[in-house]
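Heads up: the sequence lines are chains X and Z, in that order.
Residue 295 in UniProt numbering sits at position 295 of the first sequence, and the numbers go up by one each step.
Residue 254 in UniProt numbering sits at position 254 of the second sequence, and the numbers go up by one each step.
Watch out, some of these pointers could steer you wrong.
[Unchecked claim] No more than 20 Å apart at the CA atoms, straight line, and that leaves these computed lysine to any residue pairs for SDA-like: (1) Lys-195/X <-> Lys-103/Z; (2) Lys-176/Z <-> Lys-428/X; (3) Lys-125/X <-> Leu-60/Z; (4) Lys-436/X <-> Ala-48/Z; (5) Lys-125/X <-> Ala-48/Z; (6) Lys-176/Z <-> Ala-527/X; (7) Lys-62/Z <-> Ser-410/X; (8) Lys-124/X <-> Gly-59/Z; (9) Lys-125/X <-> Glu-57/Z; (10) Lys-146/X <-> His-53/Z; (11) Lys-124/X <-> Leu-60/Z; (12) Lys-272/X <-> Lys-319/X; (13) Lys-195/X <-> Glu-95/Z; (14) Lys-103/Z <-> Val-208/X; (15) Lys-124/X <-> Lys-103/Z; (16) Lys-446/X <-> Asp-61/Z; (17) Lys-436/X <-> Lys-103/Z; (18) Lys-124/X <-> Arg-87/Z; (19) Lys-125/X <-> Asp-49/Z; (20) Lys-125/X <-> Glu-88/Z; (21) Lys-428/X <-> Glu-95/Z; (22) Lys-176/Z <-> Ser-528/X; (23) Lys-124/X <-> Glu-95/Z; (24) Lys-176/Z <-> Val-208/X; (25) Lys-407/X <-> Leu-60/Z.
By construction, these hints were calculated from the structure, which means they are not laboratory data.
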Amino acid sequence: MLTRLGLTAALMLGMATATLAQDATPKDGGRFVYVAPYGSSITSLDITATPHTQDEIVAKAINRSLYKWNPESGKPELALAESVEKSADGKTYTYKLRDATFHNGDKLDADDVIWSYNRLADPKKALPGAEQMLQIAGVAEFQAGKADHISGLKKIDDKTVQITFINLAEPGWNLMSNFAPIYSKDYPEDQLASKPNGLGPFKLANYVPGSKVELVKFDDYYEEGKPHLDKLAIMLMGEASARDIAFRNGEIDVNVLGPVQYEAYGQDPALKDHILEVAEVYTRNIGFNPKVEAFKDKRVRQAINYAINKDLIVEKLLKNKAYPAVSWLPISSPAFDKSAKPYPYDPEKAKELLKEAGFETGLKFSVTATSNESWGVPIVEAIIPMLAKVGIKVTTDPVESSVLSDKILSDNFEAFIWSNSSGPDPLKYLTCFYSKTPQTACNYVKFSNADFDKLIEQAGNETDPAKQNEILKEANNLLQEEAPIWFFNYNKAVMAYQPWVHGLKPNAMELAIQDYEDIWIDASAPASRK
Amino acid sequence: MLRFIFRRTLQMIPTLLAVVLIIFVIFSVIPGSFISSLMAEGRNAMNADVVAHLNSEFGLDKPLLVRLGDYLWGLAHFDLGISYRTREPVWNVIEPRLWPSIKLALTAMGFAVVVGVPLGFLAALKPGSLFDTGTMMMAVSGLSLPEFWLGLLLMYVFALQLGWLPSFGYHPGSIKHIVLPAIALGVSPMALLARTTRAGVLDVMNADFVRTARAKGLTEPRLVFAHVTRNVLVLVLTTLGLQFGSLMGQAIVIEALFSWPGIGSLLVDSVSTRDIPVVQGTVIVIVLWFLVINMLVDVAYAAIDPRIKVA
Numbered sequence: 001m002l003t004r005l006g007l008t009a010a011l012m013l014g015m016a017t018a019t020l021a022q023d024a025t026p027k028d029g030g031r032f033v034y035v036a037p038y039g040s041s042i043t044s045l046d047i048t049a050t051p052h053t054q055d056e057i058v059a060k061a062i063n064r065s066l067y068k069w070n071p072e073s074g075k076p077e078l079a080l081a082e083s084v085e086k087s088a089d090g091k092t093y094t095y096k097l098r099d100a101t102f103h104n105g106d107k108l109d110a111d112d113v114i115w116s117y118n119r120l121a122d123p124k125k126a127l128p129g130a131e132q133m134l135q136i137a138g139v140a141e142f143q144a145g146k147a148d149h150i151s152g153l154k155k156i157d158d159k160t161v162q163i164t165f166i167n168l169a170e171p172g173w174n175l176m177s178n179f180a181p182i183y184s185k186d187y188p189e190d191q192l193a194s195k196p197n198g199l200g201p202f203k204l205a206n207y208v209p210g211s212k213v214e215l216v217k218f219d220d221y222y223e224e225g226k227p228h229l230d231k232l233a234i235m236l237m238g239e240a241s242a243r244d245i246a247f248r249n250g251e252i253d254v255n256v257l258g259p260v261q262y263e264a265y266g267q268d269p270a271l272k273d274h275i276l277e278v279a280e281v282y283t284r285n286i287g288f289n290p291k292v293e294a295f296k297d298k299r300v301r302q303a304i305n306y307a308i309n310k311d312l313i314v315e316k317l318l319k320n321k322a323y324p325a326v327s328w329l330p331i332s333s334p335a336f337d338k339s340a341k342p343y344p345y346d347p348e349k350a351k352e353l354l355k356e357a358g359f360e361t362g363l364k365f366s367v368t369a370t371s372n373e374s375w376g377v378p379i380v381e382a383i384i385p386m387l388a389k390v391g392i393k394v395t396t397d398p399v400e401s402s403v404l405s406d407k408i409l410s411d412n413f414e415a416f417i418w419s420n421s422s423g424p425d426p427l428k429y430l431t432c433f434y435s436k437t438p439q440t441a442c443n444y445v446k447f448s449n450a451d452f453d454k455l456i457e458q459a460g461n462e463t464d465p466a467k468q469n470e471i472l473k474e475a476n477n478l479l480q481e482e483a484p485i486w487f488f489n490y491n492k493a494v495m496a497y498q499p500w501v502h503g504l505k506p507n508a509m510e511l512a513i514q515d516y517e518d519i520w521i522d523a524s525a526p527a528s529r530k
Numbered sequence: 001m002l003r004f005i006f007r008r009t010l011q012m013i014p015t016l017l018a019v020v021l022i023i024f025v026i027f028s029v030i031p032g033s034f035i036s037s038l039m040a041e042g043r044n045a046m047n048a049d050v051v052a053h054l055n056s057e058f059g060l061d062k063p064l065l066v067r068l069g070d071y072l073w074g075l076a077h078f079d080l081g082i083s084y085r086t087r088e089p090v091w092n093v094i095e096p097r098l099w100p101s102i103k104l105a106l107t108a109m110g111f112a113v114v115v116g117v118p119l120g121f122l123a124a125l126k127p128g129s130l131f132d133t134g135t136m137m138m139a140v141s142g143l144s145l146p147e148f149w150l151g152l153l154l155m156y157v158f159a160l161q162l163g164w165l166p167s168f169g170y171h172p173g174s175i176k177h178i179v180l181p182a183i184a185l186g187v188s189p190m191a192l193l194a195r196t197t198r199a200g201v202l203d204v205m206n207a208d209f210v211r212t213a214r215a216k217g218l219t220e221p222r223l224v225f226a227h228v229t230r231n232v233l234v235l236v237l238t239t240l241g242l243q244f245g246s247l248m249g250q251a252i253v254i255e256a257l258f259s260w261p262g263i264g265s266l267l268v269d270s271v272s273t274r275d276i277p278v279v280q281g282t283v284i285v286i287v288l289w290f291l292v293i294n295m296l297v298d299v300a301y302a303a304i305d306p307r308i309k310v311a
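Let the sequences and hints guide you as you build the complete structure.
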């Protein structure tokens with residue numbers, strides 16, 4: 001297994017390198033037809049008003065944040081700032097801003113950053129992106145109504161802004177979020193949803209709600225020589241079968257694949273050479289609610305992990321469009337321990353553990369699940385006979401996606417199956433299992449372990465990234481041992497692309513979100529793309 | 001006539017109220033909420049303060065009856081409320097979706113009438129013939145084909161294999177883009193119209209006045225076009241009205257499949273995200289469409305058949 005994971009990581013890196021090498025001489029011009037595959041509409045063109053990936057796909061073309069995610073290095077890096085200086089105590093950062101221009105011609109300055117972050121954190125606006133601001137000093141007081149602005153934001157001069165944070169965590173993890181863009185303070189707020197004004201490489205040309213978003217190259221984009229494309233069309237296509245036909249017909253330039261299509265495309269000589277894969281930072285899991293007496297016992301939770309043959313499920317049901325999970329943190333996480341082994345399939349060991357825990361006569365529980373093919377009812381149905389073999393009777397509680405989160409956050413479940421963000425910031429996502437993190441935040445299984453808490457606190461106070469990673473590895477391994485969830489798989493996101501498309505990147509954060517400024521199309525593209 | 005239209009318009013009010021009430025109650029008791037839909041993607045849960053402010057902003061923290069009262073008060077002032085998702089007035093969300101939906105429904109119905117009515121007529125004129133059998137077999141198939149599957153089949157044949165038409169998308173001035181979704185949506189009413197027309201024509205052809213007309217020496221084409229057609233039209237119009245009225249609701253699947261920006265796909269998105277004001281607004285539009293079409297059909301009866309008095 002470890003060899004396989006290692007090979008996978010090497011392949012991913014190799015694929016990325018190959019992509020870059022192949023893309024050494026980009027060509028300018030042309031039209032790229034992309035897809036937003038998570039529904040038939042978007043919520044808003046103002047990304048601060050929505051938490052949905054579907055909207056993020058469009059926002060990535062229009063806006064820019066202070067930092068950006070680098071899919072190749074797997075780390076956040078400066079975007080709108082050209083340099084940063086960190087104070088001796090590691091909590092204050094002074095950013096020198098780039099010369100960047102908004103689509104309406106306004107120039108980026110320190111006031112824009114301060115205004116944008118105050119707006120995001122403003123409790124009266126109730127913006128989902130407020131979550132990204134919580135690390136900035138003074139946000140808590142501002143949100144509680146004890147201050148009229150965020151005290152941790154300070155303008156030094158027009159091009160310099162100083163931000164003080166409440167802890168030592170790398171600020172880029174939050175400030176790179178596409179949900180925390182920098183807007184122009186002088187632009188009317190009520191127009192952001194219909195006529196967005198960003199700092200990104202493309203500006204809005206036409207939006208047909210429920211169908212498509214058309215964008216054109218922004219000539220004053222701050223990165224020299226980019227974007228390469230003249231036009232970008234993003235088609236809102238939630239139906240996988242319709243996308244498949246449109247892709248095969250050359251009407252769209254990429255297709256995001258599900259398990260069945262992944263298998264079909266892999267076997268098709270015309271398509272199999274243009275497939276991009278990446279282990280995304282999502283961990284699919286079954287969470288056990290400790291209010292069920294049996295789940296309070298670690299041995300029961302471990303037994304379930306031993307009793308399920310997840311390799312078989314990944315191979316047969318998910319058509320290998322997933323990586324069997326080891327623990328919580330995904331393969332692409334800097335704190336992923338390559339030497340750790342997943343729970344092996346061992347029903348005898350499971351029976352033994354259940355007997356030790358006093359459940360040799362069996363136990364029963366239900367799993368709340370959506371219809372999702374990769375982490376929903378079909379998966380629960382597959383584990384039912386496996387768990388039955390060790391005396392565990394499982395039933396399904398089928399719900400739709402918004403009901404799933406509702407039931408989990410209101411503690412109205414015995415177990416659930418879900419796909420949760422588990423990266424890229426290992427500290428942030430392991431903190432979900434910190435005992436003081438409420439269930440309504442992300443400690444859905446109300447995990448509480450003193451040793452784990454100590455490691456999280458230790459990692460939070462560690463300034464050396466290498467040492468912090470070692471502590472987080474230990475915490476992740478402890479989590480595996482404690483098994484508060486069944487560690488199922490890490491999503492393998494797969495994108496098929498037309499042979500004339502170049503510059504796509506294996507983005508582990510979310511493959512469907514691409515750096516559009518780096519994409520270009522070659523001379524073999526059909527006339528409709530020229 | 002004007003009195004009839006006025007009375008029918010007034011009759012729509014209790015129907016609409018009942019629909020609004022049902023939708024309001026259903027979405028108040030079923031599990032899931034707009035807030036939980038924001039967290040459905042498995043990212044970190046939202047900050048509790050943000051959730052509280054959102055609930056307060058949308059009035060979701062008020063008792064059910066107060067919310068219903070607020071909504072009905074707004075409705076009485078032609079205010080459909082504010083969309084939870086986009087935070088725009090609901091009408092602003094629905095309005096750009098209306099014309100694409102109407103255009104699709106009109107085209108689908110046009111296809112159904114142009115193909116279905118002549119087929120039913122011709123089949124009835126030669127009952128038991130190969131053409132009649134073939135037409136009716138086609139009609140039964142058309143009625144039983146799932147729209148989603150038919151849509152995919154059309155895409156596969158006419159876009160992927162033949163390359164004649166685009167497989168998806170919406171372009172306001174393009175005829176090519178509407179052909180496949182309109183056929184996929186229009187096949188079922190076309191089949192029903194063919195069957196209804198055939199049954200109606202067969203019935204009228206056996207009527208006494210037709211026999212009398214034949215005995216008087218009327219030519220067959222004159223008999224069919226001047227007498228049979230007019231008598232069959234009431235039945236055809238009734239079927240057409242009911243089908244046309246329900247097309248906007250039926251288009252939900254087709255719109256999602258073809259990325260057609262109509263109110264059907266808006267309804268699906270709004271239900272899954274529990275954007276209740278938009279769900280209610282969309283349903284009101286769909287119900288109004290149905291009621292208005294059927295009122296127009298009633299008005300048309302009088303024009304076609306003088307024996308029917310709408311007043």
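Hint by hint, here is what the structure shows:
For the hint linking Lys-195/X to Lys-103/Z, the alpha-carbon distance of about 26 Å lies beyond 20 Å, and the restraint is violated. The suggested pairing of Lys-176/Z with Lys-428/X is violated, with an alpha-carbon distance near 50 Å, which exceeds 20 Å. About 16 Å separates the Cα atoms of Lys-125/X and Leu-60/Z, which keeps this hinted pair within 20 Å; it holds. Distance check on the hinted pair: Lys-436/X and Ala-48/Z sit about 15 Å apart at the alpha-carbon level, within 20 Å; holds.
Distance restraint check for Lys-125/X and Ala-48/Z: the Cα-Cα separation of roughly 14 Å lies within the 20 Å cut-off, and the hinted pair is therefore satisfied. Straight-line distance between C-alpha atoms of Lys-176/Z and Ala-527/X comes to about 18 Å, which keeps the hinted pair within the 20 Å bound. At most 20 Å may separate the alpha-carbon atoms for a hinted pair to count; Lys-62/Z and Ser-410/X meet this at roughly 19 Å. Of the supplied pair hints, the one linking Lys-124/X and Gly-59/Z holds, its CA atoms being roughly 14 Å apart against a limit of 20 Å.
Distance hint between Lys-125/X and Glu-57/Z is fulfilled; the C-alpha atoms sit about 9 Å from each other, no more than 20 Å. Proposed proximity of Lys-146/X and His-53/Z is supported: the alpha carbons are some 17 Å apart, at most 20 Å. Proposed proximity of Lys-124/X and Leu-60/Z is supported: the alpha carbons are some 16 Å apart, at most 20 Å. This hinted pair checks out: Lys-272/X and Lys-319/X have alpha carbons roughly 15 Å apart, not beyond 20 Å.
Among the hinted pairs, Lys-195/X with Glu-95/Z is consistent with the structure: their alpha-carbon atoms are about 18 Å apart, no more than 20 Å. Between Lys-103/Z and Val-208/X, the direct Cα distance comes to roughly 15 Å. Compliance with the 20 Å bound is thereby established for this hinted pair. Restraint check: the Cα-Cα separation between Lys-124/X and Lys-103/Z comes to about 41 Å, which exceeds 20 Å; the hinted pair is violated. Under the criterion of a C-alpha separation no larger than 20 Å, the hint pairing Lys-446/X with Asp-61/Z is inconsistent with the structure, at around 26 Å.
About 56 Å separates the Cα atoms of Lys-436/X and Lys-103/Z, which puts this hinted pair outside 20 Å; it is violated. At most 20 Å may separate the alpha-carbon atoms for a hinted pair to count; Lys-124/X and Arg-87/Z meet this at roughly 14 Å. For the proposed pair Lys-125/X and Asp-49/Z, the alpha carbon gap of about 11 Å is at most 20 Å, so the pair holds. The suggested pairing of Lys-125/X with Glu-88/Z holds, with an alpha-carbon distance near 14 Å, which does not exceed 20 Å.
With a C-alpha separation of about 42 Å, the suggested pairing of Lys-428/X with Glu-95/Z is violated against the 20 Å cut-off. With a CA separation close to 16 Å, the supplied pair Lys-176/Z and Ser-528/X stays within the 20 Å bound. For the hint pairing Lys-124/X with Glu-95/Z, the CA-to-CA distance comes to about 28 Å; that exceeds 20 Å, so the pair is violated. Simply put, Lys-176/Z and Val-208/X have alpha-carbon atoms about 18 Å apart, close enough for the 20 Å limit, and the pair holds.
A C-alpha spacing of about 18 Å is found between Lys-407/X and Leu-60/Z, which places the hinted pair at or below 20 Å, so the restraint holds.
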